[in-house]
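Q: Assemble the whole structure, with the sequences as input and the hints as a guide.
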Amino acid sequence: MAEIKLTKVVKRYGALGVVHGIDLSIAHNEFVVLVGPSGCGKSTTLRMIAGLEDISDGEIRIGNRVVNGLPPRDRNVSMVFQNYALYPHMNVRENLGFGLGIAKVPAPEIERRVNQAAEILGLQPYMDRLPANLSGGQRQRVAMGRAIVRDPDVFLFDEPLSNLDAKLRGQMRVEIKKLHQRVKTTVVYVTHDQVEAMTLADRIVIMRDGHIEQVGTPAEVFERPVNVFVAGFIGSPPMNLIDAVVTTEGLRPAARLADGVVVPLPAGVSVSEGQRITLGLRPDDITPQGHGMPGTGETLRLEREVALAEPLGTETILFTRLGDKEIQAKMLNPRVVTPGETLPFVVDLARLHVFDAADGRSLKA
Amino acid sequence: MTLFRSPRAVPYLLLTPALVVIAAVILVPLAVSLWSSFTAYNLTRPATLYSFVGLRNYARLLNNADFWWAFGRTLVFITVTLNLELVLGLGLALLVNQVTMGRKVLRTIMMFPMMFSPILVGFQFKYIFNDAVGLVNNALFDLGLITQPIPWLVDGTLAPLSIMAAEIWMSTSVFAILLLAGLLALPKEPIEAAKVDGCGPIQVFRHITLPFLMPFIFIAMTIRSLDVARAYDMVRIMTNGGPAGRTELLWTLMARVGYQNSQMGMANAMGYVSILTSILFTVYFYRKLVVARRYMGGVE
Ligand SMILES: Nc1ncnc2c1ncn2[C@@H]1O[C@H](COP(=O)(O)OP(=O)(O)OP(=O)(O)O)[C@@H](O)[C@H]1O
Ligand SMILES: [Mg+2]
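Heads up: the sequence lines are chains A and C, in that order.
Heads up: the first sequence begins at 5 in this note's numbering, then just goes up one per residue.
Heads up: the second sequence begins at 113 in this note's numbering, then just goes up one per residue.
Some hints here could point you the wrong way.
If you only want the chain C side, here are some residues facing chain A, beta carbon under 8 Å, derived [claimed, not checked]:
1. A171
2. P302
3. E304
4. A305
5. V308
6. G310
7. G312
8. I320
9. T321
The list that follows gives simulated cross-link-like pairs (lysine-lysine, DSBU-like), each with its CA atoms no further than 35 Å apart [unchecked claim]:
10. K9(A) x K300(C)
11. K300(C) x K171(A)
12. K9(A) x K182(A)
Everything labelled a hint here was simulated from the structure, so no lab data went into it.
Keep in mind that this is a model prediction, so the values were computed, not measured.
The beta-carbon is built from N, C-alpha and C at its ideal position, and this holds for glycine as well.
A: Take a look at the structure:
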């Protein structure tokens with residue numbers, strides 16, 4: 005059993021705080037992804053779990069042991085580094101078997117496990133090559149193989165795919181997912197690519213400036229972001245965030261945008277007259293008539309002029325204006341749209357997000 | 113004259129002074145000394161420079177016990193000092209690498225011994241090891257460890273050790289500096305990977321740090337083996353080959369044969385044998401270096 009529990013974990017470099025007392029529980033065999041912008045402390049957190057960075061304050065448990073004082077080798081974790089960190093003077097076979105050799109596993113057993121890992125990762129043709137003579141993708145697989153042969157309690161990944169090209173990254177993402185289904189273990193995976201986060205995670209941890217902003221399943225953080233930051237970070241293209249002021253003149257609270265458009269707010273939003281808010285509208289939820297998911301609930305129709313169209317094949321991203329912002333809308337089953345064309349857009353009101361403009365908190369119940 | 117004016121001649125013309133100097137100070141002496149090693153050249157009788165004797169000098173060398181003793185002693189001297197310097201230099205480099213503040217100052221201090229002329233180091237150690245007034249004996253006396261002065265430079269076993277001590281004192285920092293450079297260039301990631309893979313500090317050193325330092329070690333070995341192979345000044349000052357030839361190395365023997373006995377032809381033959389040996393050492397270390405460097409191509 006290897007659940008991980010972080011309690012008020014703090015990391016300071018001298019006077020500079022980098023991680024500010026985070027709490028996080030990771031269940032046995034759970035795949036948890038840490039995401040956040042560059043410099044938010046993801047790697048630092050991961051390295052504290054690995055034991056490569058000491059913990060300034062708080063406590064980390066792996067299984068039922070407090071590991072604060074333990075060196076990495078006593079934690080039974082494997083780590084895949086962003087730049088692979090292969091041993092340059094060892095060939096692929098030696099790289100894979102190194103950890104087992106250190107653990108004094110008998111040679112035939114090492115051989116068996118190395119071959120097994122090589123087979124899973126398709127590394128057999130390269131077993132006698134040095135890392136210098138491998139491509140980026142191959143090195144990445146060796147790094148992964150080195151982690152899995154040891155059969156650790158916990159896998160730690162630090163942006164393992166960030167050095168690969170888009171296609172390979174997609175492939176490797178699928179491989180990692182499959183691997184986790186096959187080799188059930190606890191995984192902590194760091195990335196700043198939110199697509200990786202959404203596709204791989206059982207749960208996503210969104211970090212900013214050394215704090216955890218939200219923890220939840222991909223669906224939760226996508227559909228119920230707790231604040232503007234999470235809302236803007238998760239989802240691609242990103243959520244449109246539009247400033248507005250609450251008006252209660254109508255039957256129910258609505259948002260008045262800078263350009264005079266009034267958008268009724270969904271039920272269960274607690275606001276007061278004149279309150280400044282930020283409306284969150286995903287591109288998926290503002291679509292040209294006949295080119296979106298059939299909405300189930302209430303909708304709002306808006307005529308908008310398209311400034312730019314980005315065809316992506318199965319969908320087109322349309323740029324238009326709403327309030328005082330340029331916003332993005334998504335067109336499914338696209339047809340050719342010429343800039344300057346005015347289209348009837350449909351906004352799915354039930355899926356609107358409402359945030360307090362002052363502190364960014366979600367106002368949705 | 114048009115030949116000299118053609119544009120293609122310009123680089124050669126510009127290089128001519130340098131080539132002339134190189135020829136005058138290197139090529140000609142080299143050729144003359146090589147030639148003289150095939151003659152019975154005696155400094156006191158210049159005409160002998162032209163009495164060609166073929167391989168006679170070399171043939172005599174092969175049967176000359178003094179030469180082979182000096183040769184063997186030089187090899188032992190090289191082996192012992194280089195290995196001790198390696199161990200000490202590595203230790204020093206590892207220690208300095210641990211230091212976080214004032215590393216530059218330490219690095220500079222570490223280089224002090226290299227800044228002294230070997231002759232001065234020789235005098236200094238001759239004084240330190242002097243049996244009557246030397247520091248070592250005085251210290252040992254005061255500590256009550258000895259009652260009789262130890263004849264450091266006169267005893268047949270202690271004299272070579274004293275010279276080695278001086279040599280090591282002077283040149284350990286060559287290793288330390290080069291290895292420190294290696295340690296500073298050491299990539300962090302493989303070390304961290306090894307820690308996660310289960311290595312303790314000693315295993316990290318043995319499996320990651322040391323292989324990475326190998327090229328640096330071989331560079332230092334190459335430089336130092338050439339240096340030590342021509343050790344002369346310090347030995348000349350400290351013992352002058354004595355007692356009873358127990359510290360006679362190749363170059364002190366050569367100087368004795370060439371200048372004291374005036375047998376320049378013979379001395380030059382010895383010189384060529386020792387140069388060939390040095391070249392073999394260099395080639396050996398260089399090969400090792402190339403092998404060790406090959407896999408470092410993967411460091412990123
Ligand atoms: N050794 C150090 N000394 C001082 N500050 C450091 C040190 N290492 C990291 N930091 C700081 O800690 C913060 C968090 O760094 P960390 O590497 O965890 O970021 P990250 O979230 O992994 O970012 P990225 O996505 O760019 O990898 C950064 O602001 C960084 O400058
Ligand atoms: Mg990072």
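Q: Are the hints correct? Go through all of them and say.
A: Going through the hints against the structure:
1. A171: Where the cut-off is 8 Å and the nearest Cβ of chain A is about 47 Å from A171(C), the hint is violated.
2. P302: 5 Å, holds
3. E304: 5 Å, holds
4. A305: Because about 4 Å separates A305(C) from the closest Cβ in chain A, which is inside the 8 Å limit, the hint holds.
5. V308: Cβ of V308(C) sits 5 Å from chain A, so the hint holds.
6. G310: 4 Å, holds
7. G312: 6 Å, holds
8. I320: OK, holds: I320(C) within 8 Å of chain A, min 7 Å.
9. T321: 11 Å, violated
10. K9(A) x K300(C): Measuring from Cα to Cα gives roughly 27 Å; hence the hint holds.
11. K300(C) x K171(A): Between K300(C) and K171(A) the Cα gap is close to 29 Å, so the pair holds against 35 Å.
12. K9(A) x K182(A): At roughly 25 Å apart (the allowed maximum being 35 Å), K182(A) and K9(A) satisfy the hint.
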